[in-house]
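For the record, in the sequence shown the residue sitting at position 188 is 188 according to my numbering, with numbers rising by one throughout.
Below 25 angstroms or equal to it, Euclidean Cα-Cα: the simulated DSS-like pairs (lysine-lysine) are:
id	residue 1	residue 2
1	K11	K96
2	K92	K31
3	K125	K11
4	K24	K92
5	K38	K92
6	K24	K38
7	K96	K24
8	K11	K24
9	K31	K96
10	K96	K38
Rather than coming from a laboratory, the hints here were simulated on the basis of the structure.
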Amino acid sequence: MTLFPWLGIGKNILRLETVDYRLKVFTNLTKVALTGVKEEMTALRLMTMQNRMALDLITAPQGGVCAMVGDYCCTFIPENDADGHLIDSALKNLTKLQRAMIDDGSPPPDWLTGMLSKWRELLFKIGMMIGIVLLVLAILACCVVPLVRGCIGRLVGSAVTSTLLQVEEQSLLDNDEEESEEEWTNVMQDVNEMFKMT
1 MTLFPWLGIG KNILRLETVD YRLKVFTNLT KVALTGVKEE MTALRLMTMQ
51 NRMALDLITA PQGGVCAMVG DYCCTFIPEN DADGHLIDSA LKNLTKLQRA
101 MIDDGSPPPD WLTGMLSKWR ELLFKIGMMI GIVLLVLAIL ACCVVPLVRG
151 CIGRLVGSAV TSTLLQVEEQ SLLDNDEEES EEEWTNVMQD VNEMFKMT
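Please take these sequences and the hints and turn them into a complete structure.
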């Protein structure tokens, strides 16, 4: 990840998305569990109040319900926390989620798996470097080389043309007027042909 930071960024984004997903699942499961507890508490409170009122009215001459029964005053309460019920299954799912989160953060179970994953990362990094170098070479071969070749051709053509014009001009000055016009026409035709070739 040091050589190619975007791989680390991608891996961190994936981890954040995983944490986000698991946090949402955790929130949903907690909501289900607390919904069950709320239902249980509502029913418990309602039943307790109703029984308390009825039993207090009936047992008022003996001192009330608590004086007669003592610590064993019992009523029916929904058992959402019993095995296989709402709270129990939500707790099992929360435990599974917790294990999954622990497994994601733990190192590989044996040294061989750890070594192979490190080698795989190293080979991937080397492969990416080779791929980038080949891509740069392909871009150079397709774009830059023809551009440089054209520039060099134009530069050499203009240098040759300039030199030929100076030589011909000097020779024209040395020759007669009649010969010079004829030669000047020939030189200009040669120059025009050279420009057509490039």
